Amino acid sequence: MSKPFLSIENMTQTFPDGQGGTLTVFEDATFGIDKGEFVCILGHSGCGKSTIMNILAGLAEPTSGVVKMDGFEVSGPSLDRGVVFQNYSLLPWLSTLKNVTFGVKARYPDWSKAKVEAHAREYLAMVGLEGDVVHRKPSQLSGGMRQRVSIARAFANHPKLLLLDEPFGALDALTRGTIQDELLKIWGGTEQTVFMITHDIDEAILLADRILLMTNGPFARVAESVEITIPRPRNRTDIVEHPNYYAIRNHLVQFLGQRSKELAGQQSGGEPQSPTRVVIDKTGPAPDPEPTTKPQLRAVND
Amino acid sequence: MLDNLSTNQRAAVLSVVMLVVGLLIWEAAIPAQKAASELTEYERLTGGGAPKAGVPPPSQVLAKAWEQLSNPFYDAGPNDKGIGIQIGYSIYRVLTGYILAALIAIPLGFLIGMSQVAYKAFNPFIQVLRPISPLAWMPLALFIIQDSEASAIFVIFICSIWPMLINTAFGVAGVRQDWVNVARTHELNGIKTAFMVILPAAAPTIITGMRISIGIAWLVIVAAEMLVGGTGIGYYVWNEWNNLDLTSVIFSILMIGVVGMLLDSAFGFLQRAVTYAE
Ligand SMILES: Nc1ncnc2c1ncn2[C@@H]1O[C@H](COP(=O)(O)OP(=O)(O)O)[C@@H](O)[C@H]1O
Ligand SMILES: [Mg+2]
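Protein sequences, first through last, are from chains A and B. Under our numbering, read the first sequence as residues 1 to 302, first letter to last. Under our numbering, read the second sequence as residues 1 to 278, first letter to last.
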């Protein structure tokens with residue numbers, strides 16, 4: 001098997017636990033993400049999702065292990081890895097437009113002012129921010145609009161990898177739905193590789209090609225990699241009709257409700273901890289050549 | 001009648017009413033006096049003999065203000081200069097000391113705010129030096145610098161440096177990590193991060209420090225000039241007191257207030273320009 005676009009190898013993170021000991025958040029985590037893939041990671045609060053994301057962003061260094069993107073080791077933050085933070089992280093003294101041009105100017109330092117602005121406006125328009133609203137300060141925008149600006153800023157920079165940390169966590173369900181659709185739309189046009197943290201199962205099924213499931217910490221593991229066997233383009237009202245939808249959903253609920261606890265606290269013993277690949281497909285004739293315990297669930301160890 | 005006026009208009013009317021009433025009470029409270037020329041030498045030396053004879057009524061102060069402000073820049077020798085010249089000297093000293101302080105305090109505050117070690121290392125010195133009354137430095141300054149003009153500027157420098165230094169360090173240290181992370185993920189170098197993210201983020205706190213400093217500097221210059229003498233509004237007040245010209249004393253007190261207010265509102269304006277809502 002060829003190396004994936006992004007590979008995380010034997011990544012371990014420990015922190016001082018505040019009482020003189022060490023807290024091992026995760027150990028020897030090993031997984032990969034392919035180019036153009038949309039991957040969501042699900043896990044209980046505190047299991048280490050943000051820690052993983054900060055390492056992928058280059059904002060933090062793992063205690064040990066390496067992250068490679070396109071074959072090169074990640075060290076420090078880079079314009080190739082765009083980040084959308086949960087709290088939007090817009091610069092409050094800049095207008096909406098200036099927040100986006102801030103990023104574009106950093107990415108394309110030799111573009112003319114007019115070109116930078118046109119580019120920023122184009123991406124703001126993709127998330128439905130047009131006209132006078134682009135001159136407002138972030139404090140004059142609703143939470144949903146702020147997150148749109150943050151998404152526009154990230155996409156406008158064409159990063160090779162886009163990282164999103166619970167981007168919709170603070171939004172109400174309706175706004176969240178609209179922005180998810182917008183995110184799918186821009187992502188569809190760019191074939192961007194996306195790694196997104198979420199705690200919303202339905203959101204993950206709607207958006208992702210693959211969902212990584214994390215067990216509880218400490219010694220959390222990326223235990224499973226569940227493929228979303230629902231064809232695109234997806235639409236929130238139609239996907240629930242798909243035969244695989246509830247099968248996948250039940251599997252995820254079951255994992256988060258029960259197995260994330262049962263599997264918690266297992267030490268790696270120095271072995272790379274790769275997720276088990278899970279494919280749930282109830283459409284068509286059973287493609288399954290090997291016998292498994294559950295008929296519609298196939299687990300493959302990579 | 002006032003109902004259809006805005007809050008600001010009503011407040012303005014009330015202010016004017018208070019001013020007029022206050023002036024009338026003041027005017028009425030002062031018994032009629034003989035003009036200074038009619039007083040005997042003895043009466044003049046003892047404050048006119050009557051208990052409140054030294055305090056002039058507002059009408060006299062207004063007349064004085066009119067006279068002084070219609071020709072603020074006349075210069076008739078060392079002890080007789082226009083109010084404009086005196087204030088000009090004071091502002092010159094304040095701004096010189098203040099700008100020198102800003103040139104040191106803001107970059108140093110940046111450094112201290114960026115580094116935990118620097119913050120901790122500088123803190124004890126700041127804590128000890130800051131509460132010292134600026135005038136307490138005066139004898140030492142006069143002894144070391146040997147020049148009263150430069151000593152006055154030094155006193156302004158030393159009193160305005162602390163609020164700017166502390167606020168800059170505090171503002172820079174308190175810049176949200178998220179914003180710094182935005183700079184980092186956009187690969188901004190140190191200089192760009194400082195100017196495009198940290199400076200605008202900390203600007204409201206820094207300007208607040210600068211505003212406090214200019215206020216203190218203006219308070220201190222009056223006292224410093226009373227001590228060093230020669231020129232300036234502080235010297236002018238003291239000199240007029242020695243001349244027993246209370247009309248001029250009151251007039252110059254008012255001018256000190258007006259100039260202080262103007263300096264403060266300039267910084268207030270700057271502060272509003274850099275303040276952002278989160
Ligand atoms: N800088 C840090 N120092 C000490 N402990 C930390 C630090 N960052 C995260 N942790 C701990 O690591 C664990 C994982 O945190 P995090 O990645 O934020 O979880 P999640 O994003 O999945 O909710 C938590 O127990 C948290 O307390
Ligand atoms: Mg988190």
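Please note that the accuracy of each hint is not assured.
Stated by the list, open to error - Here are the simulated SDA-like pairs of lysine to any residue, each with C-alpha atoms no more than 20 Å apart in a straight line:
| no. | chain 1 | residue 1 | chain 2 | residue 2 |
| --- | --- | --- | --- | --- |
| 1 | A | Lys98 | B | Asp147 |
| 2 | A | Lys98 | B | Val274 |
| 3 | A | Lys105 | B | Ile132 |
| 4 | A | Lys98 | B | Trp179 |
| 5 | A | Lys98 | B | Val180 |
| 6 | A | Lys35 | A | Ile239 |
Hint data in this document are derived by calculation from the structure and do not stem from the laboratory. For clarity, every value in this text was computed on a predicted model and none was experimentally measured.
Under the criterion that the straight-line Cα-Cα distance not exceed 20 Å, is the pair A:Lys98, B:Val180 satisfied? Status holds; Cα separation ~17 Å.
With a cut-off of 20 Å on the C-alpha distance, tell me whether A:Lys35 and A:Ile239 pass. 24 Å, violated
Tell me if the straight-line CA distance from A:Lys98 to B:Trp179 falls inside 20 Å. 15 Å, holds
Verify the proposed pairing of A:Lys98 with B:Asp147, using a straight-line Cα cut of 20 Å. With a Cα-Cα distance of about 51 Å, the restraint between A:Lys98 and B:Asp147 is violated, given a limit of 20 Å.
Holds or violated: A:Lys98 with B:Val274, Cα cutoff 20 Å? With Cα atoms ~16 Å apart, A:Lys98 and B:Val274 stay inside 20 Å; holds.
Hint consistency between A:Lys105 and B:Ile132 [alpha-carbon to alpha-carbon, up to 20 Å]: It is violated: about 48 Å lies between the C-alpha atoms, which goes past 20 Å.
Hint compliance for this structure: hints 1, 3, 6 are broken, all remaining hints hold.
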